[in-house]
Amino acid sequence: ETGVTQTPRHLVMGMTNKKSLKCEQHLGHNAMYWYKQSAKKPLELMFVYNFKEQTENNSVPSRFSPECPNSSHLFLHLHTLQPEDSALYLCASSLTSGALQETQYFGPGTRLLVL
Amino acid sequence: AQTVTQSQPEMSVQEAETVTLSCTYDTSESDYYLFWYKQPPSRQMILVIRQEAYKQQNATENRFSVNFQKAAKSFSLKISDSQLGDAAMYFCAFRSVDKLVFGAGTILRVKS
Chain A
1 ETGVTQTPRH LVMGMTNKKS LKCEQHLGHN AMYWYKQSAK KPLELMFVYN FKEQTENNSV
61 PSRFSPECPN SSHLFLHLHT LQPEDSALYL CASSLTSGAL QETQYFGPGT RLLVL
Chain B
1001 AQTVTQSQPE MSVQEAETVT LSCTYDTSES DYYLFWYKQP PSRQMILVIR QEAYKQQNAT
1061 ENRFSVNFQK AAKSFSLKIS DSQLGDAAMY FCAFRSVDKL VFGAGTILRV KS
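Residue numbers (our numbering), protein chains in the order written: chain A, 1 to 115; chain B, 1001 to 1112.
Here chain B stands alone, though its shape is the one from the complex (with noise of 0.2 Å):
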């Protein structure tokens, strides 16, 4: 069965420094995509950034990016440059053709 682990329940990160949140996963498919999204207090979930497991180039999306070991099964999201409105919590995903599972969520606090 998939599984999505995020080991970090939560994180800190001074305002204009840089955090990774971890998330590793479990699955014997080859064939699946990652995402990480993020809901902020009281706001709606969005997504952050997607990998597909046959890219072994790492997404990118402006601040957020991803480092994405398929032999590891770790998806970690790397955010630079880190901005108040980037308090929230993130949720790792795993999406297959027969499952979609998501983590526990990391709760990321900016200090200013």
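The following block holds chain A by itself, in its conformation from the complex (with noise of 0.2 Å):
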């Protein structure tokens, strides 16, 4: 379970504040993707990147802001959130993004409340 790694692993934070989020894997994977888990609500994919270029950003509000520096980074730069945003916050990596057999790796999460 040391493939792909995330942290913090717990995060509270005020709508005021800016924190982010990092993800990290160990697998040599070139695609990385940011994903949110609501409770009863389907998985959300929100920003993919392959080879360090976004390739996917669905809707996304812009107070989510992604940053992929290498194959092996992403980060997720939070400003001014909104109590629906609390949610668990999934970072996944795969070989790449194109391929549609691709087993994607997810990290443990990010567990974010805003107040």
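Honestly, I wouldn't trust all of these hints.
Said to hold, decoys possible - Result set (DSS-like, lysine-lysine): computed pairs, CA atoms no more than 27 Å apart in a straight line:
id : chain 1 : residue 1 : chain 2 : residue 2
1  : B       : 1073      : B       : 1099
2  : A       : 22        : A       : 41
3  : A       : 19        : A       : 40
4  : B       : 1078      : A       : 41
5  : A       : 41        : B       : 1099
6  : A       : 41        : B       : 1111
7  : A       : 36        : B       : 1055
8  : A       : 19        : A       : 36
9  : A       : 36        : A       : 18
10 : B       : 1055      : B       : 1099
11 : B       : 1099      : A       : 40
12 : B       : 1111      : A       : 40
13 : B       : 1099      : A       : 22
14 : B       : 1099      : B       : 1070
15 : A       : 52        : A       : 18
16 : A       : 36        : A       : 52
17 : B       : 1078      : A       : 40
18 : B       : 1055      : B       : 1073
19 : B       : 1099      : B       : 1078
20 : B       : 1111      : B       : 1099
21 : A       : 40        : B       : 1073
22 : B       : 1111      : B       : 1073
23 : A       : 22        : A       : 40
24 : B       : 1073      : A       : 41
25 : B       : 1099      : A       : 36
26 : A       : 19        : A       : 41
27 : B       : 1055      : B       : 1078
28 : B       : 1073      : A       : 52
29 : B       : 1070      : A       : 41
Treat the hints as calculated values from the structure; they're not laboratory data. Note that the coordinates shown come from a computational prediction; the quantities given were computed from them, not determined experimentally.
With the hints as a guide, bring the two chains together.
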């Protein structure tokens, strides 16, 4: 379970705070993903990066800002969040984002609470 | 638009028995993959099994098998000889060239 790591594991922030979530993968993959997991809702794909380039943004509000400095690291910068943004944020990686059959490897997630 | 529906929010199964989790999807595409992922409590999500749409034969991985009905757009997961370690949230997912869509998940509880 150490292939994809996420920090912090838990985060509580106020609506005016700025914080960042970090994801790191040690699998030699080239694609990385951010997901939002809310209770009783489908897992929502937020962003996809392939070879450090953003290839997908699923209409995510601008208060979420991703950054992918290299294929091993992915960040999600948070600012002026709303209480409804409270959720489990999952990071995943795969060899590339192009092949349909590729398995995604997930991190343990960051449990975010916005007060 | 592609959607994935898991109609069972929660399921229970007795240890050593068999349980089937349902998943239906909606798409107009012909080339795609379907996946079942497992998310144990406080642990990372992992792949359980996957199925290519062009393959008629149902995928099998040890105690896990699928019933893939392409015409009905159904992709159920059967867990045989259920074990306590199978207790988890199970997500069905659809992947095509343009889309990667997950269902809302089914919580599986295993009773000893």
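Now for the hints, and whether the structure bears them out:
| no. | hint | in the structure |
| --- | --- | --- |
| 1 | B:1073 to B:1099 | holds (16 Å) |
| 2 | A:22 to A:41 | holds (24 Å) |
| 3 | A:19 to A:40 | holds (26 Å) |
| 4 | B:1078 to A:41 | holds (23 Å) |
| 5 | A:41 to B:1099 | holds (18 Å) |
| 6 | A:41 to B:1111 | holds (25 Å) |
| 7 | A:36 to B:1055 | violated (31 Å) |
| 8 | A:19 to A:36 | holds (16 Å) |
| 9 | A:36 to A:18 | holds (18 Å) |
| 10 | B:1055 to B:1099 | holds (20 Å) |
| 11 | B:1099 to A:40 | holds (21 Å) |
| 12 | B:1111 to A:40 | holds (22 Å) |
| 13 | B:1099 to A:22 | holds (25 Å) |
| 14 | B:1099 to B:1070 | holds (18 Å) |
| 15 | A:52 to A:18 | holds (23 Å) |
| 16 | A:36 to A:52 | holds (20 Å) |
| 17 | B:1078 to A:40 | holds (22 Å) |
| 18 | B:1055 to B:1073 | holds (14 Å) |
| 19 | B:1099 to B:1078 | holds (25 Å) |
| 20 | B:1111 to B:1099 | violated (36 Å) |
| 21 | A:40 to B:1073 | holds (22 Å) |
| 22 | B:1111 to B:1073 | violated (31 Å) |
| 23 | A:22 to A:40 | holds (25 Å) |
| 24 | B:1073 to A:41 | holds (21 Å) |
| 25 | B:1099 to A:36 | holds (16 Å) |
| 26 | A:19 to A:41 | holds (24 Å) |
| 27 | B:1055 to B:1078 | holds (18 Å) |
| 28 | B:1073 to A:52 | violated (34 Å) |
| 29 | B:1070 to A:41 | holds (25 Å) |
When held up to the earlier numbered hints, the structure conflicts with 7, 20, 22 and 28 and fits the remainder.
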